[in-house]
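Peer 1: Following the hints, put chain Z in place on chain E, whose structure we already have.
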Amino acid sequence: METRSAAAKKKKLFFCKENEHSHNNIDRITELPDAVLHHILFLLPIKTVAQTSVLSKRWRSLWSSFPDLDFTTLNPFPKPCSSSKSHSLNCKESDFITQVLNNRDKHSDIRILRFRARLSFSRLNGLIRLAIRHKVQVLDVEVFTEDYFNFPRCVIASDSLRVFKLKSRRPGFRLPPSSVMTSGFRSLQSLSLSRISLCNQPSLSDMFSESSFLLLKKLSLDTCFGLKHLRVGCRALQDLTLENCFELQGLDVSGSKLERLRIAKCFDGYIEKSWVKIDAPRLGVVLWEHNALSDNICMENLSYLHKASIGMLHEDVSVAKLQSVSNLFSALSLAHCLTLESNCIEILSNNNYFAVYLHQFSNLKYLELHTGFKKNNVPGLASIFRSCPMLHTLILNIINDFKTERRQWNKDLWEMSNSEEEKYWESQTLNLKLFLHHLKIVKILGFLECENEVSLAKFLLKHGKSLEEMILSTGHCKARHCLQRQKIRSQMMGFSWASSNAKITFH
Amino acid sequence: MKKISVRTSDGQEFELEENLAMESATIKTSLDAFSRDDIILLPNVNSWEMVKIIEFFTKVQELETKFGVKFMEKKEGRFLEAFQAEFDKDLSDDNLYCLLWTVDYLGIEVLLENLCHLMAERTKNKTVESCRNLFGVQHDYTPEEEAEIREDYSWAFEGPEIEE
Chain E
1 METRSAAAKK KKLFFCKENE HSHNNIDRIT ELPDAVLHHI LFLLPIKTVA QTSVLSKRWR
61 SLWSSFPDLD FTTLNPFPKP CSSSKSHSLN CKESDFITQV LNNRDKHSDI RILRFRARLS
121 FSRLNGLIRL AIRHKVQVLD VEVFTEDYFN FPRCVIASDS LRVFKLKSRR PGFRLPPSSV
181 MTSGFRSLQS LSLSRISLCN QPSLSDMFSE SSFLLLKKLS LDTCFGLKHL RVGCRALQDL
241 TLENCFELQG LDVSGSKLER LRIAKCFDGY IEKSWVKIDA PRLGVVLWEH NALSDNICME
301 NLSYLHKASI GMLHEDVSVA KLQSVSNLFS ALSLAHCLTL ESNCIEILSN NNYFAVYLHQ
361 FSNLKYLELH TGFKKNNVPG LASIFRSCPM LHTLILNIIN DFKTERRQWN KDLWEMSNSE
421 EEKYWESQTL NLKLFLHHLK IVKILGFLEC ENEVSLAKFL LKHGKSLEEM ILSTGHCKAR
481 HCLQRQKIRS QMMGFSWASS NAKITFH
Chain Z
1 MKKISVRTSD GQEFELEENL AMESATIKTS LDAFSRDDII LLPNVNSWEM VKIIEFFTKV
61 QELETKFGVK FMEKKEGRFL EAFQAEFDKD LSDDNLYCLL WTVDYLGIEV LLENLCHLMA
121 ERTKNKTVES CRNLFGVQHD YTPEEEAEIR EDYSWAFEGP EIEE
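So the protein lines, in turn, are chains E and Z.
Sequence positions in the first sequence follow my numbering and run 1 to 507.
Sequence positions in the second sequence follow my numbering and run 1 to 164.
Just chain Z, same shape as in the assembly:
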């Protein structure tokens, strides 16, 4: 299998297998435009993110062999769980955002789907305040404005909120 070389923002070089590289719409476009022998520069991607992406595809292959399912084609429920269990434990919230951005930039659909699932899981059952801390969102409402929104959407703020 042909290897594609990429260089991340901090100067590190990685060799990717061609079919893995083609999962990224961005890399694929670059390959179509330039020769496959050139090194592709990815100034928006950090090396640790690249490591994670390669790790993801390795895990996918492991799980595919284990469950005998073509992950790329069908999203099996238990497959998703297995993936989440393995990938989730060593990814901090911050790292998850960065990875989300990078994967979106690289256009890797299947990994993006999974990361969105991970992020959604982390958001469930959190109060607004803890969500704010989780996301690190800048609070740009005045107390009056916020009260107005809460009033308008009172149906959404009803019911028990689970404290984190």
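One chain only, chain E, in its complex shape:
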């Protein structure tokens, strides 16, 4: 590579006149240093980058030293069909990845290697070993194998590996014992494993302990068959995701640096004694999605909590598990933003337990509720509102799945001065005093002018002193007859509102 001063002299010689460039095939672009050319190549798909190797010898060396090899831009993941044609294509694919790695400049390191392929374990292991030899930093692999395979142990010894993602499609892979997994990974900051068979080690209590994976900041475990007990305590961990672990019975998470936690579709809902223990005082985001309820949930009050989302797998729970629900709510009670899924709201609606025991969400500014909004949900919603005295924004996302008929707002109700629902809300006026005092923005999606939502909207307009904006949108549901909508709208606009600033928008 030319030195900059030599290139500069050359440049000066050729380009000293303003805008006068003769098209005499001088290799202009060669004067750019390797780093700049690589920068341009980073923005192109790998196929194009490989093609440039044919331009000239310099370009060939640029290709063989190109550090980011993302083969996923080449083609979509091969379809899982067993025809021989597609099988041979996939073999060829992993062949050329091997070839590219073999043809590389021996001294140039690989920064990123990313690919998706269908191949045998020995080939996979070979590829990974080759990448490790080139000091790969980011290794992101998705594979489709014939049979279960063993975790490629060669990655453990790598000193350069910072990010490792291994995703297996059917059937999956096995992990080595903790003593092996924790013996290396010296530089690993992010680990993501998907589709692991843990039937031979259902209890992972010392793999992710305080003394292992010392630099690990992000851990994601997805689809772990047979995992019954998990303990995670890595000291540097900031982000933990656990998904699709349906046999999980016990979870113990601790970390003074943990900021984000996502647990989705986990826990065995059928066994007697399951438990969760979370000790992570700096948690800022907790996403608890579609989980079966455990008997015992222990989570300390999270004072840094900014955002939380709660979703349960089932909509009814035994009385024994109600305490867990209460603990969960209590742990997340300092959140600023909260989303509650429909099963959650069903549980709250069906149990008077919560009319008394629901904790105050004293910091809550933003609340999003997903619900079918049936008649029985009304007292549940009222008790939720009562727990959020400082709420600023309320979003009600009505799920219109047409499984249950929601009572339409019809002309009988227009005749009455107050429907039953409206009477109920009026009776809650004193209870909801603080809530009504602070609420500024209300958005209702899936607004089909049914009794429930019209009553609620009218109530909020009538009493919401600080209300600024109300948005009522049908979303993607089929809207009702135009004339009826107009009548309902005029009825909603035709009484005095508590807030003179309020503005209502219909979509």
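Watch out, some of these pointers could steer you wrong.
Below are the DSS-like pairs computed for lysine-lysine, each with C-alpha atoms no more than 30 Å apart in a straight line [stated by the list, open to error]:
no., chain 1, residue 1, chain 2, residue 2
1, E, K106, Z, K124
2, E, K47, Z, K126
3, E, K307, E, K503
4, E, K440, E, K462
5, E, K265, E, K307
6, Z, K124, E, K57
Listed next, with one range per pair, are the computed distances between beta-carbon atoms [unchecked claim]:
no., chain 1, residue 1, chain 2, residue 2, range
7, Z, V51, E, M390, 51 to 57 Å
8, Z, L134, E, N200, 54 to 60 Å
9, E, R133, Z, P143, 32 to 38 Å
Going by beta-carbon spacing under 10 Å, a handful of chain E positions derived as facing chain Z [unchecked claim]:
no., residue
10, L41
11, L44
12, V54
13, S56
14, D70
15, L74
16, V100
17, N103
Calculated directly from the structure, the hints in this document are not laboratory data.
Idealized CB from N, CA, C, for every residue including glycine.
Peer 2: The following block gives chain Z in isolation, referenced to the frame of chain E:
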């Protein structure tokens, strides 16, 4: 705001605002070594390139006010598009290379990023031959050597190539 004077290769002098000048790592180093009152000599920079660079920063400020985004700190997708649309139309291929070299020499990271994007856009969907013409690369392979490479990397040369 303090003004920094620079002189380009063809003797023209420009006055840059200090914060603009500091975007260039090279100028910044010179400023640290010498007094700010001296004129900085840039013998590797042409005046038309300087004009372009100043134009870039002016446009950045315009777009920042328009979109309300701090461009230097975050690279917003639509911001990049707006920039590319405005900057791309009056920059010939030749000028783009020269500018790339100069900006790399001056060490202006954010402009370099954008110019690389522009260059990448121009390269997309071109055949090898048209790329060769675009870049003005000297073909130093024998036909046999070229055929060998094409054979080795047949996977890269498969599929439809779009003619320019």
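Peer 1: Which of the listed hints are not met by the structure?
Peer 2: Hint 14 alone not satisfied by this model.
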